[in-house]
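K.L.:
From just these sequences and the hints, can you work out the full model?
In order, the protein sequence lines correspond to chains B, R, G, L and H. Residue 2 is where the first sequence starts when you use the working numbering, and the numbers rise one by one after that. Residue 2 is where the second sequence starts when you use the working numbering, and the numbers rise one by one after that. Residue 9 is where the third sequence starts when you use the working numbering, and the numbers rise one by one after that. Residue 9 is where the fourth sequence starts when you use the working numbering, and the numbers rise one by one after that. Residue 2 is where the fifth sequence starts when you use the working numbering, and the numbers rise one by one after that.
Honestly, the hints are just simulated from the structure, not real lab data. Careful: at least some of the hints might be erroneous.
If you anchor each label on the Cβ, the simulated ranges turn out as follows [what the hints assert, rightly or not]:
#1 R/Gln6 to H/Pro178: 55 to 61 Å
#2 L/Ala84 to G/His125: 48 to 54 Å
#3 G/Thr72 to L/Gly144: 22 to 28 Å
So, partial list: chain H residues that the calculated Cβ filter (under 7 Å) puts toward chain R [said to hold, decoys possible]:
#4 Val14
#5 Asp41
#6 Thr55
#7 Ala57
#8 Pro242
Quick caveat: nothing in here was measured; it's all calculated off a predicted structure. Positions of the beta carbon are idealized from the N, C-alpha and C atoms, including for glycine.
So the chains spell out like this:
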Amino acid sequence: MTGRQRRLLRLAMPWLTLAVLLIGWELACLAFVVPEIILPRPSRIMEVIVQRWDILLRFCLETLWTTLAGFVMAIAFGLLLGLAVGASPFVYSGLYPLLIAFNAIPKVAIVPILMIWLGIGALPAVVTAFVISFFPIVVNVATGLATIEPEMRDLMRSLGASQWETLTKVGIPRAMPYLFASLKVSVTLAFVGSVLSETVGGNRGIGFLMLSASARNDSATTFAGLFAIALMGIGVYAACALVEQRMTRWAVRGQPSR
Amino acid sequence: MTGRQRRLLRLAMPWLTLAVLLIGWELACLAFVVPEIILPRPSRIMEVIVQRWDILLRFCLETLWTTLAGFVMAIAFGLLLGLAVGASPFVYSGLYPLLIAFNAIPKVAIVPILMIWLGIGALPAVVTAFVISFFPIVVNVATGLATIEPEMRDLMRSLGASQWETLTKVGIPRAMPYLFASLKVSVTLAFVGSVLSETVGGNRGIGFLMLSASARNDSATTFAGLFAIALMGIGVYAACALVEQRMTRWAVRGQPSR
Amino acid sequence: MASEPLVELRNVSLAYGEGRERMVALGDATLSIEKGEFVAVVGPSGCGKSTLMKLVTGLLPPSTGTVLVHGREVTAPIPGVGMAFQNSTLMPWRTTRDNIMLPFEVVAPHKHRLRRHRAEYEAKAEALLASVGLAGFGDKYPWQLSGGMQQRCNVCRALIHEPEILMLDEPFGALDAFTREELWGVMQKLWLERRFTAVLVTHDLREAVYLADTVYVMSRRPGRIVKRRTIDLPRPRTLDTTFEPGFVEIVHELRERIQMEHA
Amino acid sequence: MASEPLVELRNVSLAYGEGRERMVALGDATLSIEKGEFVAVVGPSGCGKSTLMKLVTGLLPPSTGTVLVHGREVTAPIPGVGMAFQNSTLMPWRTTRDNIMLPFEVVAPHKHRLRRHRAEYEAKAEALLASVGLAGFGDKYPWQLSGGMQQRCNVCRALIHEPEILMLDEPFGALDAFTREELWGVMQKLWLERRFTAVLVTHDLREAVYLADTVYVMSRRPGRIVKRRTIDLPRPRTLDTTFEPGFVEIVHELRERIQMEHA
Amino acid sequence: KAQTPVKFTLDWVFQGPTSPFILALDKGYYKEEGLDVTMDPGQGSAGAVQRVATGAYDIGFADVNSLIEYNAKNPGKEILAVFIAYDFPPFGVHTLKKNGIEKPADLAGKKLGAPVFDASFRLFPAFAKKVGLDPKSVEHVNLTPQLREQSLVQGTVDFISGHYFSSILDLKARGVPAEEIVSFNYSDYGMDVYGNGIISSPAMAAKPEVVTAFLRATAKAWKEVAANPQAGIDAVKTRDPLIDEALELERLKLSLDMNVLTPFVKANGMGNVDPERFARSITDVSEAFGLPSAPAPDKVFSDKYLPPKEQRMVAP
Ligand SMILES: Nc1ncnc2c1ncn2[C@@H]1O[C@H](COP(=O)(O)OP(=O)(O)OP(=O)(O)O)[C@@H](O)[C@H]1O
Ligand SMILES: Nc1ncnc2c1ncn2[C@@H]1O[C@H](COP(=O)(O)OP(=O)(O)OP(=O)(O)O)[C@@H](O)[C@H]1O
Ligand SMILES: [Mg+2]
Ligand SMILES: [Mg+2]
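P.N.:
Put into structure tokens, the structure is as follows:
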């Protein structure tokens with residue numbers, strides 16, 4: 002294969018896999034006569050999406066912005082906390098167990114309490130998206146800092162660099178590929194968080210749409226909602242991937258570009 | 002501070018933070034007269050735990066083993082998929098968007114379908130824990146492989162090493178600290194997954210306990226359940242941390258040991 | 009030297025990067041290496057010596073020209089090579105001994121035998137470590153070694169599986185004169201015993217002349233081969249040889265040729 | 009030399025590791041460095057030269073003994089040092105120019121001025137790069153440079169902010185003889201202009217004698233200082249100086265002292 | 002005797018009102034009938050219907066109105082209810098005195114907090130029609146059950162919908178005195194709909210003797226619980242040891258009084274329907290749910306699985 006062909010194939014791959022998946026799903030549904038109420042066929046879901054794209058779009062946009070707001074907060078907070086945890090063994094040993102504990106707790110148990118405090122609407126969705134998604138960023142940033150090579154550390158110390166300078170000039174750039182890796186996990190969690198919050202209370206977003214569709218036994222619409230979330234997830238991922246490609250080129254040097 | 006004092010302080014830190022947190026919570030509840038049904042005070046929760054520790058323990062063990070089973074599957078599968086994604090740019094571009102899409106979907110929408118196929122009981126809980134928790138492992142392993150230094154790659158190629166040997170001899174050990182980082186995220190998600198599945202169906206595990214407690218407004222018991230999950234999370238974390246310390250010592254060389 | 013050469017480079021050039029970034033590192037190199045020949049390559053810094061090594065072993069595909077090994081064109085890294093890279097590539101998660109034993113885990117006859125004959129292989133590693141003055145450091149991690157020690161390990165790893173072709177990229181640069189000269193002796197002894205094919209990149213002309221059968225001198229970037237000098241001093245050579253007029257003369261000759269590149 | 013020394017080591021020793029792992033790398037070193045003195049340290053591989061450098065700058069706390077700078081005991085890395093580590097620590101995510109400019113971003117007077125005077129600082133970096141023969145490589149990443157080029161960058165980074173104390177750990181080991189000798193000249197010129205205090209670790213005795221005011225010879229591990237030799241050859245020294253009998257004699261003297269360590 | 006395996010799903014967690022099933026299981030009434038029953042809690046009626054429809058469960062306990070909706074949307078794949086447990090449904094809307102709502106007409110223009118899958122909420126349009134209220138004049142806010150009563154107390158919403166044996170007890174638990182609570186039970190306003198019943202999967206429906214055996218054992222347990230509610234609570238306790246006994250007892254008593262032991266049941270036994278009323282209820286429900294067409298009553302309920310009347314006389 003020439004380089005050009007490879008590049009084209011790489012661009013086509015996601016679509017190919019997607020097509021294979023959907024066709025397989027469709028055929029499986031047909032072959033096993035799966036009732037629509039359990040698992041609608043993709044063709045049915047597409048039908049619903051085409052029919053109701055305007056409603057879906059409106060609800061999507063509501064979900065999208067709460068998710069992004071929560072995600073941005075998660076990045077900022079995750080970076081800061083990661084820096085703190087990675088920089089000091091005391092913060093590490095003091096906070097890590099608590100962070101684990103907090104994250105092992107299903108957020109669905111906490112969202113109602115959040116809503117009692119924050120009211121119902123966009124705010125609890127943003128907050129849920131935030132609290133559910135910051136942890137992966139923390140662990141990767143902290144690991145990036147904790148594993149800075151002692152040679153680099155010595156270099157910075159010999160220049161009289163402050164802790165903070167070491168972090169920003171060495172820790173962060175060095176951990177950049179992993180920071181982006183964690184963003185991939187984080188953004189999916191942010192979606193889960195805001196959709197979760199929308200199902201717990203309020204009349205907005207894809208979460209509400211899906212819940213009320215499922216209360217009506219309207220599986221096709223519920224799945225259309227799932228598709229919409231998946232699509233938004235991919236969109237945000239694509240945006241991140243673009244930035245990633247520019248910022249981590251050094252780390253995949255000599256590798257076929259991705 | 003001497004080294005010994007530092008080490009002691011580091012051991013004490015988690016307990017100190019925990020104590021501060023709980024006391025703060027208790028005081029806040031007292032100060033703002035928060036009704037127990039909304040947010041019980043820690044002392045009340047402890048009371049419930051002490052009174053009913055035997056029952057809690059039984060439910061906990063059920064949750065714990067499903068979680069661990071799912072977690073172990075997630076590690077195995079996450080490693081393999083991460084290897085595939087990290088090793089081939091085609092798999093990368095073909096699978097990553099789909100993985101993102103899949104993970105952005107709230108699993109709560111999928112669990113009922115799972116239950117229809119797998120029946121009720123431990124199996125869907127294990128599967129849920131698994132599907133919810135493999136992704137963080139995939140991204141970190143894949144990133145670890147994609148960022149192998151070309152010098153190391155050249156070394157392995159000059160020895161005639163296969164792709165697989167490069168992965169196991171360089172990719173994995175090199176990414177070890179990040180693999181453990183992802184396990185921290187992953188284990189929390191596994192708990193969320195199995196508790197989620199327990200609340201959707203079945204009469205086992207902490208999830209069931211919490212659901213029925215919250216259905217009858219028994220907040221103290223609900224929170225006792227949350228505490229139990231948090232505790233199990235910390236327990237698993239501690240086990241992982243022990244292994245981590247042995248396996249990633251080289252990466253934090255010259256750093257105060259954690 | 010009528011037999012077919014082991015490695016042959018025909019009008020090989022190599023450019024890094026593409027478009028505006030493109031930079032020719034090696035221009036039009038033609039050379040051939042016989043089986044069992046000890047070749048040294050010298051030249052100014054940045055002239056493409058390391059690049060040449062990677063081309064010879066197939067780690068880099070040439071931009072133009074062909075690289076032949078055993079008369080066949082090279083498209084993938086050739087097997088059975090021992091390489092000591094310029095920047096030591098020891099793995100920080102392995103002890104020195106495990107680092108050195110890496111080839112045993114990967115290279116063909118050994119990797120199947122390693123499990124059952126572990127002790128034997130470990131003994132071999134220890135012996136090699138001892139021969140470069142690192143006895144007792146097997147259990148240390150590379151980052152617990154000094155720079156020169158790391159470099160010696162790096163060379164050991166290239167040697168241990170007794171490869172047919174040995175590539176050494178400035179293997180003794182971080183060593184003091186005496187340790188270095190000791191290792192010349194070790195290296196020559198090995199070569200006399202096993203008669204592997206070797207390519208040595210070095211900045212030390214005495215080192216080149218002491219060890220090599222043929223010395224190639226390269227020009228400044230983009231590197232071309234500007235001189236080929238066969239060294240027919242008798243073997244084994246000793247440190248005393250290096251003070252003989254014949255030796256000193258060759259060193260001077262090479263030195264002058266390189267100096268022309270610096271004018 | 010009656011003035012108070014800038015750096016003073018009193019019976020300093022250093023052991024790495026603890027318990028069974030414990031290994032004394034440097035034993036009982038006493039030396040003092042005047043302000044503006046150019047010191048060279050030579051000795052066999054693994055004898056503790058790099059360790060000594062880290063002790064002098066406070067990067068490592070001594071196991072026993074005291075390190076004084078300006079008469080005060082050192083407990084933290086001392087500021088205003090330029091260090092070129094033995095293994096080049098260039099950052100792969102920065103271009104060569106940005107790597108060299110790192111000290112400007114961190115060291116005190118510069119970091120506040122950098123924003124507004126960026127062009128001026130960049131010009132300085134370019135000039136320095138050009139002086140070591142790397143003109144035009146500012147936009148390349150370190151992994152696009154050859155080993156010798158990386159090493160030159162590494163030295164540039166230590167020099168650029170004109171530190172009062174300069175530590176060079178085998179700075180020219182990966183360079184060919186001519187490039188190396190050119191850089192001796194560059195280094196000497198800088199020193200004559202600015203009169204910084206310098207400590208140079210090297211295996212090249214000619215290099216040590218060419219550049220230094222005082223040469224310390226260390227014994228094998230655990231390293232002790234076994235000889236101190238002041239070089240009072242007139243400055244500026246040139247390449248011709250290195251062929252003068254006085255120079256050659258000192259080199260021989262040092263060589264013999266080191267050889268004793270290898271016996 | 003060989004045991005026939007039967008998988009049974011509830012609509013919700015184990016609570017007082019569903020205690021008869023647990024009692025029947027624990028006391029071996031099912032076993033006596035040759036049934037090997039496994040019992041799981043559920044996640045709402047719609048889910049229970051789905052579980053039974055897909056054959057994941059053989060028998061379920063679910064709101065008949067959910068069943069009507071399912072059957073209307075899946076013609077040809079109808080699921081049958083074989084036993085009605087709540088002759089009067091526990092549906093209603095609830096508010097607090099301080100909100101100034103005294104009669105259903107006052108609900109116009111107010112804010113309703115309810116989970117979208119709540120049966121009382123879904124039937125609200127039918128209720129509104131009965132009391133002459135425009136359902137569109139009410140603003141709905143989706144709230145998870147955990148939030149519903151709290152939101153009413155906090156004043157975020159003006160009224161809520163829900164099973165009164167949940168909502169009222171919940172409000173009391175939040176410190177609202179009983180006299181502060183205003184409840185409009187749908188059945189008091191001419192809403193003749195039925196509540197929960199036992200539904201059977203198509204496969205199980207083909208084995209009438211098994212279904213009948215299950216119903217017989219269940220009715221027996223219900224009779225026992227009606228006579229001695231505490232026995233029911235003790236049974237729940239075996240499943241969920243952490244329940245608050247007093248609360249569950251109260252809930253059970255409420256549901257027995259208002260949903261189960263109605264005059265019709267006292268006269269005709271538990272499980273059957275009044276055909277006329279049932280047909281009416283289907284029309285009402287279909288309209289409230291906006292279904293394309295109302296399913297025929299015999300596509301929703303069949304009395305042919307019922308054990309004889311004397312075995313269904315549960316009232317003490
Ligand atoms: N990966 C790369 N990408 C781009 N350019 C490169 C790369 N590797 C080397 N070069 C360039 O190719 C030229 C030759 O490099 P090479 O490493 O072969 O030199 P060398 O002769 O080994 O020098 P030295 O003696 O300093 O090690 C240099 O100018 C360098 O900048
Ligand atoms: N981080 C470390 N941990 C443990 N031991 C170390 C460490 N660094 C160095 N050593 C040991 O200390 C001794 C001296 O090391 P050092 O790097 O100072 O030697 P050196 O004189 O610089 O040698 P070279 O000329 O080879 O660079 C060596 O034996 C080495 O094994
Ligand atoms: Mg090179
Ligand atoms: Mg050193």
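K.L.:
Identify whether the interface hint at H/Ala57 stands, where standing means a beta carbon of chain R within less than 7 Å of its own.
P.N.:
This hint holds: H/Ala57 lies near chain R, its Cβ roughly 5 Å from the closest one there, short of 7 Å.
K.L.:
At a threshold of 7 Å, is the proposed contact between H/Pro242 and chain R supported by beta-carbon distances?
P.N.:
5 Å, holds
K.L.:
Holds or violated: the 48 to 54 Å window for the beta-carbon distance between L/Ala84 and G/His125?
P.N.:
This hint holds: roughly 51 Å between Cβ atoms.
K.L.:
Does the CB of H/Thr55 sit less than 7 Å away from some CB of chain R?
P.N.:
H/Thr55 check passes; min Cβ-Cβ to chain R is 5 Å, inside 7 Å.
K.L.:
May I ask you to test the hint 55 to 61 Å on the CB atoms belonging to R/Gln6 and H/Pro178?
P.N.:
Given range 55 to 61 Å: holds, Cβ gap about 58 Å.
K.L.:
Holds or violated: 22 to 28 Å for the Cβ distance of G/Thr72 and L/Gly144?
P.N.:
With Cβ atoms ~24 Å apart, the hint holds.
K.L.:
Is the interface hint for H/Asp41 satisfied, with its Cβ closer than 7 Å to some Cβ of chain R?
P.N.:
5 Å, holds
K.L.:
Does the nearest C-beta of chain R fall within a distance shorter than 7 Å of the C-beta of H/Val14?
P.N.:
At about 4 Å, which falls below the 7 Å cut-off, the nearest Cβ of chain R leaves the hint on H/Val14 intact, so it holds.
When each numbered hint is compared with the structure, no violation occurs for any of them.
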